[in-house]
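J.: Chains as they are written, first to last, in this note's numbering: chain F, 1 to 295; chain A, 296 to 498.
The set of hints was computed from the structure by calculation and includes no laboratory data. Note that the Cβ used here is the ideal one computed from N, Cα and C, for glycine as well.
Have a look at the derived ranges for each label pair, beta carbon to beta carbon: (1) A378(A) / G211(F): 33 to 41 Å; (2) R399(A) / P228(F): 21 to 29 Å; (3) R465(A) / Q285(F): 38 to 46 Å; (4) R399(A) / R23(F): 24 to 32 Å; (5) S463(A) / L73(F): 57 to 65 Å; (6) M436(A) / L73(F): 55 to 63 Å.
Listed here are the chains, written in short residue letters.
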Amino acid sequence: VSDAPADPRLALRHEALLAVARRLPEPPLPEARREEMRTELLATVLGLRSNKRSRALAARGKGRRFLLTASLLFAGAGFAAAAWRITVRAAPALEPRGAALRAAGGAATLRTAEPTGAEPDAEVQPSALADAVSRDQMRSRAHHRLAMSAPGPGPSQSEAEIAFARGWGALGAGDFGAAAEAFGRAAGAHRENTLSEDACFWRAVAFDRAGRFGEAQTAFGEFLSRYPRSDRAGEASVMLGWLLLRAGDAPSAAARFGSALDDPGERVRGSAQAGLAAAGRRQDQVGTLPPPRAN
Amino acid sequence: MADNQTKGAKLVPLRRVDGLPTEMSDEALLAACALGDSAALGALYDRMTPHLWRFLSRMAGNRVEELEDLVQATFVAVHRSAASFKGTASVRTWVFAVAANVTRRYLRDEVRRRAAVDRLARLPISPAGRPDESMEKQQLMLRLREALSALPHDLRVSLVMCDLEDISGRDAAAVLSIPEGTLYRRIHEARRALRALVEAGQL
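Isolated chain A (complex conformation) (with noise of 0.2 Å):
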């Protein structure tokens, strides 16, 4: 019977999953979601929520507040949408994914990148050869950070899942519902962009 049911579903099947979160693939885990188990969010929560901070801390900046209301909204689209994961990619860069739209809701009015920008315009450049290697270190990681605030949505998306999650192309590019080609052209204005902001704090 259960057979029959879940023929031809590899990922969403049409039964309640059995066994322990624990010992679940992130599949399973989906897929119970998909079909309102509750217990299985948790335990996927408990499982992706280290990746998805440090993901969207390099997509949203640094403050906690934020980071914790951009983790929770995550989770309710996750649960929301679960039913339309397709297995192109892994469940992980499919949770980034939902992270990214979540994130560019909240950014959309871009003003708070513009404020990034400006913060990144007042912060001090640090001069060549500086003896105090630490303290040059710490200024390029701010500016580092207020740079990749300071990228449009699109390409910074691209930039941390590619180069800074070493996510690959092809799983990146499934997810975020665009082409191949499209997604190394942002990579590469990313990285362009990047290195303008850091090295001379302008777009």
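Next up, chain F with everything else stripped away, as it sits in the complex (with noise of 0.2 Å):
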């Protein structure tokens, strides 16, 4: 990869700073860590296993648990009904004796009296917890770290990863179509990040394979003027470049391949090259026609 700058005493500094980057060091890893950390990815791998026979199983009975959980909970939400509605008529009957209980201290009883019995669980306090997870130290982790490898599931950024993974997979099936809208999706999702940035170039592509060409020049030219500095700008240039020549407007063809002449690839500079001759000699073709005769 060449990257010299044209001030030699730039290259120099250049070469230097990779060189102290080549050196950083790293913090150490403990041999008995590292036997550790071993330890703690077998244990997290065999826990990925047996998930995975879980969902299987669960798979299988999925149709018959779904009406047996429906069920239980329609019956459980109707026996609450039903019991909030005779202890909001047993309420006033058992105030007085709340009262009378509460000056002598048993407030422990009134308890029956409350609508909503949140009782917060003894067993259920932040050191038990603090024990249960030193206890179960190694499987939180590992599950922590399952939910870290995983898709999070984050609200619009996970929905906009999946859109553009499928994207992805219908432009590498040939389905254009389905690959621009998925394209589409992820790139609306977020403005400012690379996924959308990358959504939006790939979107573009989509319909240019699919052969829907002004949409892709809509998409291109949507592409350029959001993300402008875009290490993919000279690519989406140069490719609305032939899609304007394409279309007949050589002129603009001529621009958008003129700013991509300065484009670090080589490919893209080659093309924008070709692109400006093939404009130049469209141009010339029309100049050589004679002047529409006025009636």
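Need the complex rebuilt from these two chains, each delivered in its own frame; the hints are there to steer you.
T.: What follows is the structure, given as structure tokens:
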């Protein structure tokens, strides 16, 4: 990869910087800790396998379990509503007794009259939780790592990533329309991140490959206006240039090719030069045509 | 029988790989991982962890707890996606690409990136011709580490892979699933940004 600046002094400084970067020390990882991590890793992986098995089992009885859960929920809701009605009706009757008991210091009994039974469970105290965590520390850390390695349940970012992955899959499978649609969803989720930038670019490419040249032209224009400093800007400019040339707009195409002439990518520069030459020929042809006759 | 099964499947054979894990190639270990052999995963872990640790320290900074979590998450992901290894690059490069994806998720919200920029802005720029050169070098290393953290993910992974880990452009582009031209552009951008960050402390 050649990245030699025009000023040799800058090149020297650049090489020196990379040399220092290559020597950046990493923090030590003691052998004992590495062994512990190895054990944790294998525990995590074994946990993964058992989860897979249980998911497969759950899938088999999915329908039956759904009906059972729904009926239990329904029954539970009915029971809770009935209990609530009984409690609300009984509350005025219990109140005098409650007041008397409160005066007598029997506050615990008063709880029977409270409509919501959200009692703090004596067993689930912070200290007890901490004990449980320390007992099962390896397991919880494994879950944490699993959560980190799997796509998290975040709101729109995850959706955008899923949409991007679908778009990528569709693009690879040759379903360009579906790819463009998926990339559109991914690009719309966030404006200022690399995912939406990539999605915006590939959406335009998908339109182009689908033969929807008008939409591809618009999409490339949108990409360039949204991310003018993108590292794909040169590539997008060239592709847009060819689309414009195809549509017969040689001057605009030439402008697009011209903007990609100093792109760092050799292939992009080559395409831009070829495009400029083609646009020039097209303009010459138009110039040699006789002017339209005025009626 | 075994030959028939392995025919046409060079990297992911349809049978358990024989032999001691320490004697097996990286590719064979990964193939065994794809078949669910946890011993092979352990052997691959032993073999790759020092390289991965260094790679991740350049990608995600030098906080030990985070690095430990990232190493673990990377190997969980390696175990999950071992079957998808196509052999377009070495196993080490492929593991680095997996680690880069894990790091991307970990640093996704860019809050940390901005925090690194802030930290960088607070670090003093060493004046030229300072007599205490070791101190200056230390400052430079500190600034360089923070500057690496402050680079956008795509630029950072390209720079770390090709410039710092000496992985060839073709291999890096293959495992990152990007055209080579795009990779070179990113490296170019990354070098410029890194220099600007170190010298001026700004993006």
